[in-house]
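If you read the sequences in order, they're chains A and B.
All you need for my numbering is the position in the first sequence, starting with 1, plus 50.
All you need for my numbering is the position in the second sequence, starting with 1, plus 76.
Calculated from the structure, these hints are not laboratory results.
From the three backbone atoms N, C-alpha and C, an ideal C-beta is built for every residue, glycine too.
Watch out, some of these pointers could steer you wrong.
30 Å max Cα-Cα, derived DSS-like pairs, lysine-lysine [unchecked claim]: (1) A:K85 to B:K101; (2) B:K131 to B:K158; (3) B:K101 to B:K143; (4) A:K85 to B:K158; (5) A:K85 to B:K143; (6) B:K158 to B:K143; (7) B:K143 to B:K131; (8) B:K131 to B:K90.
Here's a subset of chain B near chain A, in silico, CB distances under 8 Å, partners left out [unchecked claim]: (9) G132; (10) L155; (11) K158; (12) Y175.
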Amino acid sequence: MPTTALRGVQRPGKNPNPSAAPDPRTPATHRTTHKVTGIRVLRSEWAKFWSLRSSWITLCVAVFLLIVFGAVASYTYSPDAVATAGPPGPGSSGDSDAVGLALTGVTFASLAIGVLGVLLSAGEYSTGMIRSTLAAVPRRLPVLWSKAAVIGPIALILTTVGAVAAFQLGTPGLDGEKIALSLGDDGVLRSLAGAGVYLGLVAVFGVALGVLLRSSAGAIAALVGVLLILPGLASLLPDSWYDTLSPYFPSNAGSAIYALHESSDALSPGAGLAVFAGWVALTLAGAAFRLVRTDV
Amino acid sequence: MIEARELTKRYGDKTVVDNLSFTVKPGEVTGFLGPNGAGKSTTMRMIVGLDSPTKGSVTVNGRSYAKHAAPLHEIGTLLEAKSVHPGRSAFHHLMALAYTHGIPRRRVDEVIELAGLTSVAGKRVGAFSLGMGQRLGIASALLGDPAIVMLDEPVNGLDPEGVLWVRNLLRGLADEGRAVMLSSHLMSETALIADHLVIVGRGRLLADTTVEDFTREAGGGVKVSTTEPMRLRSLLAGPEVTISSSSAEELLVAGRDAREIGAIAAQHGVPLYELTPQAVSLEAAFMDLTRDVVEYQSAPADTVRKAA
Ligand SMILES: Nc1ncnc2c1ncn2[C@@H]1O[C@H](COP(=O)(O)OP(=O)(O)OP(=O)(O)O)[C@@H](O)[C@H]1O
Ligand SMILES: [Mg+2]
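All chains should be built: construct the whole structure from the sequences, respecting the hints.
Next up, the structure:
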């Protein structure tokens, strides 16, 4: 145990020692110029996003999945196989078309993009960064809005580009097939952009889940549960219920956004967008509530 | 200035901070002391609004923290737990905080240099040693050039050179008129830096005093044995001096050191047959004060205390 004798206590710091002092500056004289504003928080979140290697990697993985799956699906397409087997999975609109093939990778990309959103928000909780963040922005909510506003557009733009690339790369593979389309055809660009909009919203959904659950593992599990497992699980419901409810499930409403042809058991692209955006908004509201109300 | 009024925090039915009131004044270093689990870190989290008090309130420069337009200019904080993303470089971490207030890059470079991080500023924080992480925490606390600096166990993990650096830094900040608050479990270390002490145990205020008063009241002093105790007593008397006696020919003098006492006695021909500085440490006094409120008591620590 330290035995600083009472009498011997020397307090070197107490001696005025100007050379040891940090550069003298008057405390806090620029309070008015350096305020926290929404734009500045946005700028900070933007910088935070790009200064993590994991953001780059996850983003690249998402776009890569989108392009590779789309292109490969187009190249391996054969009309006979489709006629017998039919494309599986919930939300598929029955007959395949060139856009549907190009967007085969959306499901996988949505997981990667959702994880990207989760990492951006829940990652701050698991590392403790959130304490620094909220100490700088004690009003808290601007942080959530900024995270959403940063990642939503980034995901939207890059995945739209990815979807167009997947379509263009796949086009030669469908050369001469009945279902072949070109970028200029009716609804093609709208569908491809719709996939980008969906994935942009999924990224925001991931951010919201991360803030709501404050754990990367929990939020990723919830993301997979909602996007992949929920539709399958719901098929256990009585048929009449399922038929009424299933178009409103997040993933089904989402896939309606980027379907080229509106199928009879799905929502229109506009309605799908509204419903999916509604789910995201609901999750964001829950996240905002938890962010403001509970201790960090 | 930080003013806590009847600050209380409960987690479930456990009261972690209990009716705590204290003030941290500008131009002073306030040491915030208490054994493990005393509620120091919880109190500091409440000061910057990360935890909300169950009862009571705390203000920073007259307002609750969240009401400030530029909180990083009011108070810079180093929190105990790591509050950094390990995947980001020190520079980018500081930049991210700076952007929220529109603090220029120049200031970021300045605090990096001030904290001695220049050579590692581009490295991922995850690869930092404990001391480097601590320096980064101190750099972020100084980023906004704040009027108050609040550090939770700042010397934790620092090497002797780093400890000295923190000591001089905090002294300098207080001398510039800023309020400085730092927490610690180490009384001896804190006494070297602090002017004022706020001591807590189990969330309750145990002492709110100056280092000088604490040191004086801690006991110690010099034990003097003489054949003429009455005469020596009057010779030693002074405004800063307290004298007690435990037996007929023995005096316990606080406020004068052994050298002074010896000189005065020799000058007036008072015979002394013992002159012993009492080796009561500040640490022992601190443990005495907190003995009943230690949250996590360990047997060996107890033995050490009795030996002291
Ligand atoms: N979020 C929480 N939920 C429940 N209990 C908590 C929480 N945070 C802290 N505690 C408890 O509150 C008590 C005080 O903790 P705190 O970290 O404030 O103490 P401290 O004085 O900083 O201790 P140390 O010197 O070890 O850092 C501890 O018993 C701790 O277990
Ligand atoms: Mg602590």
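Outcome of the hint check:
no.: 1; hint: A:K85 to B:K101; in the structure: holds (24 Å)
no.: 2; hint: B:K131 to B:K158; in the structure: holds (27 Å)
no.: 3; hint: B:K101 to B:K143; in the structure: holds (20 Å)
no.: 4; hint: A:K85 to B:K158; in the structure: holds (26 Å)
no.: 5; hint: A:K85 to B:K143; in the structure: holds (12 Å)
no.: 6; hint: B:K158 to B:K143; in the structure: holds (25 Å)
no.: 7; hint: B:K143 to B:K131; in the structure: holds (18 Å)
no.: 8; hint: B:K131 to B:K90; in the structure: holds (14 Å)
no.: 9; hint: G132; in the structure: violated (15 Å)
no.: 10; hint: L155; in the structure: holds (5 Å)
no.: 11; hint: K158; in the structure: holds (5 Å)
no.: 12; hint: Y175; in the structure: holds (4 Å)
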